[in-house]
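Protein chains in written order, with my numbering: chain A, 1 to 338; chain B, 1 to 418.
Mixed in with the good hints, there may be bad ones.
With the Cβ distance kept under 10 Å, some of the chain B side facing chain A (calculated, not the full set) [to be verified]:
(1) Pro24
(2) Pro27
(3) Arg74
(4) Gln181
(5) Lys196
(6) Val209
(7) Gly210
(8) Asp212
If you're looking for bench data, these hints aren't it; they were derived computationally from the structure. Even glycine gets a Cβ: it sits at the ideal position worked out from N, Cα and C.
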Amino acid sequence: MSNQDSNTDIPCEQQTVKFYQTGTFTVGNRLLDEGCRTVQATAERANSLDSGHRACQGCGQALGARYALDAAMRATDNKIIAANATGCLEVFTTPYPETAWSIPWVHSLFGNVAAVASGIAASLKAKGDTTTRVIAQGGDGGTTDIGFGCLSGMFDRNDDVLYICYDNGGYMNTGVQRSSATPPAARTATTMPVGDNPGSSFTTGKFLPAIAMAHEIPYVATASVHDLHDLERKVEKAMTFRGARYIQINVPCPLGWGSQPALTIKLSRMGVECGLVPLFEAENGKLTDSTKIRYRIPVEDYLKLQRRFAHVLKPQNTHQLDAIRQIAEDNIKRYNLV
Amino acid sequence: MLQQISGSIAVAEAVALCRPEVVPCYPITPQTHIVEHISTLVKSGQLKNCTYENVESEFASMSLCIGASAAGSRTYTATASQGLLFMMEAVYNASGLSLPIVMTLGNRAIGAPINIWNDHSDAMSVRDAGWIQLFVESNQQALDVHIQAFKLAEALSLPVMVNMDGFILTHAITRVDMPTQEQVDQFLPPFVPRQKLDTEAPLSIGAMVGPDAFTEVRYLAHHKQKEALSIIEQQAEEFQGIFGRDSGGLIKSYYAEDAEIVFVAMGSVIGTMQELVEELREEGHSVGILSIRSFRPFPANAIDKALANTRHAIIFEKSFAVGMGGVLASEIHMATVANDLKISSVIGGLGGRTITKKSLRKIIESAMQDELDTEVFLDLEGTTVVRELRRQQEEQNSGPVAENILRDMGVVSASKTH
Ligand SMILES: Cc1ncc(C[n+]2csc(CCOP(=O)(O)OP(=O)(O)O)c2C)c(N)n1
Ligand code: SF4
Ligand SMILES: [Mg+2]
Numbered sequence: 001m002s003n004q005d006s007n008t009d010i011p012c013e014q015q016t017v018k019f020y021q022t023g024t025f026t027v028g029n030r031l032l033d034e035g036c037r038t039v040q041a042t043a044e045r046a047n048s049l050d051s052g053h054r055a056c057q058g059c060g061q062a063l064g065a066r067y068a069l070d071a072a073m074r075a076t077d078n079k080i081i082a083a084n085a086t087g088c089l090e091v092f093t094t095p096y097p098e099t100a101w102s103i104p105w106v107h108s109l110f111g112n113v114a115a116v117a118s119g120i121a122a123s124l125k126a127k128g129d130t131t132t133r134v135i136a137q138g139g140d141g142g143t144t145d146i147g148f149g150c151l152s153g154m155f156d157r158n159d160d161v162l163y164i165c166y167d168n169g170g171y172m173n174t175g176v177q178r179s180s181a182t183p184p185a186a187r188t189a190t191t192m193p194v195g196d197n198p199g200s201s202f203t204t205g206k207f208l209p210a211i212a213m214a215h216e217i218p219y220v221a222t223a224s225v226h227d228l229h230d231l232e233r234k235v236e237k238a239m240t241f242r243g244a245r246y247i248q249i250n251v252p253c254p255l256g257w258g259s260q261p262a263l264t265i266k267l268s269r270m271g272v273e274c275g276l277v278p279l280f281e282a283e284n285g286k287l288t289d290s291t292k293i294r295y296r297i298p299v300e301d302y303l304k305l306q307r308r309f310a311h312v313l314k315p316q317n318t319h320q321l322d323a324i325r326q327i328a329e330d331n332i333k334r335y336n337l338v
Numbered sequence: 001m002l003q004q005i006s007g008s009i010a011v012a013e014a015v016a017l018c019r020p021e022v023v024p025c026y027p028i029t030p031q032t033h034i035v036e037h038i039s040t041l042v043k044s045g046q047l048k049n050c051t052y053e054n055v056e057s058e059f060a061s062m063s064l065c066i067g068a069s070a071a072g073s074r075t076y077t078a079t080a081s082q083g084l085l086f087m088m089e090a091v092y093n094a095s096g097l098s099l100p101i102v103m104t105l106g107n108r109a110i111g112a113p114i115n116i117w118n119d120h121s122d123a124m125s126v127r128d129a130g131w132i133q134l135f136v137e138s139n140q141q142a143l144d145v146h147i148q149a150f151k152l153a154e155a156l157s158l159p160v161m162v163n164m165d166g167f168i169l170t171h172a173i174t175r176v177d178m179p180t181q182e183q184v185d186q187f188l189p190p191f192v193p194r195q196k197l198d199t200e201a202p203l204s205i206g207a208m209v210g211p212d213a214f215t216e217v218r219y220l221a222h223h224k225q226k227e228a229l230s231i232i233e234q235q236a237e238e239f240q241g242i243f244g245r246d247s248g249g250l251i252k253s254y255y256a257e258d259a260e261i262v263f264v265a266m267g268s269v270i271g272t273m274q275e276l277v278e279e280l281r282e283e284g285h286s287v288g289i290l291s292i293r294s295f296r297p298f299p300a301n302a303i304d305k306a307l308a309n310t311r312h313a314i315i316f317e318k319s320f321a322v323g324m325g326g327v328l329a330s331e332i333h334m335a336t337v338a339n340d341l342k343i344s345s346v347i348g349g350l351g352g353r354t355i356t357k358k359s360l361r362k363i364i365e366s367a368m369q370d371e372l373d374t375e376v377f378l379d380l381e382g383t384t385v386v387r388e389l390r391r392q393q394e395e396q397n398s399g400p401v402a403e404n405i406l407r408d409m410g411v412v413s414a415s416k417t418h
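With the rest of the complex left out, here is chain A (with noise of 0.2 Å):
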C-alpha cells in the first residue's frame, strides 16, 4: 500500500533564485518560473475553503488549511473528500446555512474523524473508486486528545486517507485550554501562569509525528504556513502515497497565543527558526528529510512575542526559560536540524 508513484520530483527545486525579501529568506512567488510559483499563487487554484468564514484576523489554521487542501486538490485533479473534526476550523467554515467549503465535507464529531474518513475510504474502495482520494482534518486537542483512539486505527490499518493536524496547542475553539499539544509553560485557561510551576506542565506531552511515525506509515510530515512552497509539496507529496499519511501543520493563533493577527507568518517562521517547532518528513517510520535552520534565532525572540509566555521571560522562571531552551536543542539534535 505504501508505494510511491515515480512523479515525485517537483522541477522547481532547481531553479536558481538570487534574491530574498528582506529579513525572511522566503522567495516570493514573483520572482520565480511561472510552472514553479505555489498553487496559491496560481489563478487555478480550487479555493477548496473560500473567502468569507467567520475566522479570527490572522487565523493560521485558515491559511493552513486552504493551502494543504488546495494542494491537494492540484495533485488530485481536484478529487477530494474532506472530513473534517469539531474546532475553530469547523466552526468558523460552516456557520448554517453558510459554507465555506467548495470541495465535499463532512463533520460529525470532535473524536471521530479519522475514522468517519476511514469510512468514506471504505466506501470509495467498495465502489471501486480509486481516483477520489479522502483527508481528514482536526485541530492538536481532536488529534492528540480526544480522537487518538481512531487515528491510531486509521493508522494500524493503514486506511488511505491523509490525515491533516492544525496544531495551534491548544483547545482554542471552547477558549484555549490545554491539550497534550500544548507547549510546557505555555499559559492557557487551564493551566494559567499562577504557582510555583506556572503556565502548562513539563511533562512528555505527546509529539504525534513522532507516534505517527511509530505506526510506520507511509508518510508523515510537519510543515508550517510561513512556508508555503514547503507545505504544498509535502501534501502533493503525500498525495502520491497510497495508505495512511499524517501532517502537521503549525498555525499560529493570536488569540490562544496572544500575538499580533499580523505577526502569524512570522511566528510561524520563528517557531521553527529557533528549534522549537522541527520541520521532516518520514517514510516507513524512517526518517527522510528535515529542513534545516537557516539562521537560528534564541527561544526567548519566539517567546517573547506572544502573551502566553510572557511569565516564563521574568527573572523568577529562568529554569522555565532553560527548560524549553533544551527543548529546542534536544530537536535539533534528534531531527538534524542544522
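With chain A's structure known, arrange chain B with the ligands on it following the hints.
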C-alpha cells in the same frame, strides 16, 4: 430454503443478501457471531463489493458507518450493551445526519455490575436518539426484519436498529426459512442517496446549526419518525407479498382485541407468553398479548386501538428507568390515557434471569383477582433485598451494592472473609 442455524448466523446471512457495501465491526457478546460470520463471507469472496473493517472500538465502528453512509454506501454494523454506550455520541450523530445505517443490537444488560446476559437496558438507553427501533420475537423475524430494515432506512433516510434478544435469540439454533437472493433483490433496490459526498457535486454536511433553525430540524426529525409508522406497515405488507411471511409491522396482537387482560411486551418473551395464553384461554380466561414490534416510532394510536376493549394491561419490560419505573409502561399509559385502562408494570428478565411460564402465570392470576400491584419486580428474591435494606437503614450507605451484599454474606475477596 429451510435451515437449522443460530439466530446470529441467520442474521448475518440475511444481511449479506442485502448486499451491504461497508461493514465495520467490533466484538461484544452476544452479537459477535454475526460480524464474525459476515467477515468470513467477505473474506471468502462470497459477499462481493463489500469492505469489512476490524476497527478499534464501537465509537470507531459507528463513525466508519457515518463516513461510509455519507459517501453513499449501504452500511451495517452490530453491537450490544457496553458497546452501544461506547458508541453513543456517534449513535446520535448518525440519526442527526439522517444516515440510513442498519445496526443489530443483540440486547444485553448494562453494567455495573457487568452482566453479559439479556435484557433491554441497552435499547432503552437510546430510546431518544432518533433511531428507528424494531424488536423481533423469533429468529425468523430477526432475519426478515433485517431485510426490511435496509429498505426502511433508505426510504426514510434514517438509521434503523434491529433489537434481538441476546443469547435467547442470537445463540438459539432454530429452523429458519432463508430467502433467495432473487427475492431479496426484488424487495430491496440498490441504495441511491439523494445527497452524498461526491466530488462532482460538492456539498457540506454537518454544519453548525444555531437557534434560528435547530427547532425546525428537530421537528422534522420527529415528523419523519411519525411518517415511518405507515411506511413500516406498508413494507411489512409488501414483504409478506414477496416472502409469504408476516414479519415486522408496528404491533402484533394475539387475541388482544377481545381480551380483558392483556400482556404488552417486546421481543422473545412473546413466545413464552403465547404458550401461556393458549393454555389460559383453553381454561376459559379472557387473556391476550400485544407485541410491540416498533418501539420507535412509538405506535401510540395503534396501541390505543388494540387495547380499546382491554380492562387491565400488564406491561412486561426487561428494563426500567431507575428512580422512575417501567418506560414502556409509562409510554403505554400516555398512549391510552383516554381509555379507562388499568395498567400494571412488571419488570422481569433483568440481566438474563429466566422468565418462566409459571411466574408469568402467577402474575396473570393475581391480575384476575385484581390483586396485581401497579409495579412488580418478577421473581425478586426478597430475603437478600430486605437484609440489604435493613443494613442501609442502620449504617452509612456507601459502596457498590453487589459487593455490599457479598460482604454481608462474609465474602470480601478470594483470600479474605469478613
Ligand atoms: C465530545 C466532545 N467534547 C468536548 C467538545 C467541546 N469542544 C469542541 S471544539 C473543542 C476544542 C477543539 O480544540 P482543537 O481540536 O485543538 O481545535 P482548535 O479549536 O484549537 O482548532 C472542544 C473541547 C465537543 N464538541 N465534543
Ligand atoms: S481562535 Fe485561533 S484557531 Fe480559532 S479562529 Fe481564532 S485564530 Fe483561528
Ligand atoms: Mg487546537
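Hints and how they fare:
{"no.": "1", "hint": "Pro24", "in the structure": "holds (7 Å)"}
{"no.": "2", "hint": "Pro27", "in the structure": "violated (14 Å)"}
{"no.": "3", "hint": "Arg74", "in the structure": "holds (9 Å)"}
{"no.": "4", "hint": "Gln181", "in the structure": "violated (18 Å)"}
{"no.": "5", "hint": "Lys196", "in the structure": "holds (8 Å)"}
{"no.": "6", "hint": "Val209", "in the structure": "holds (4 Å)"}
{"no.": "7", "hint": "Gly210", "in the structure": "holds (7 Å)"}
{"no.": "8", "hint": "Asp212", "in the structure": "holds (8 Å)"}
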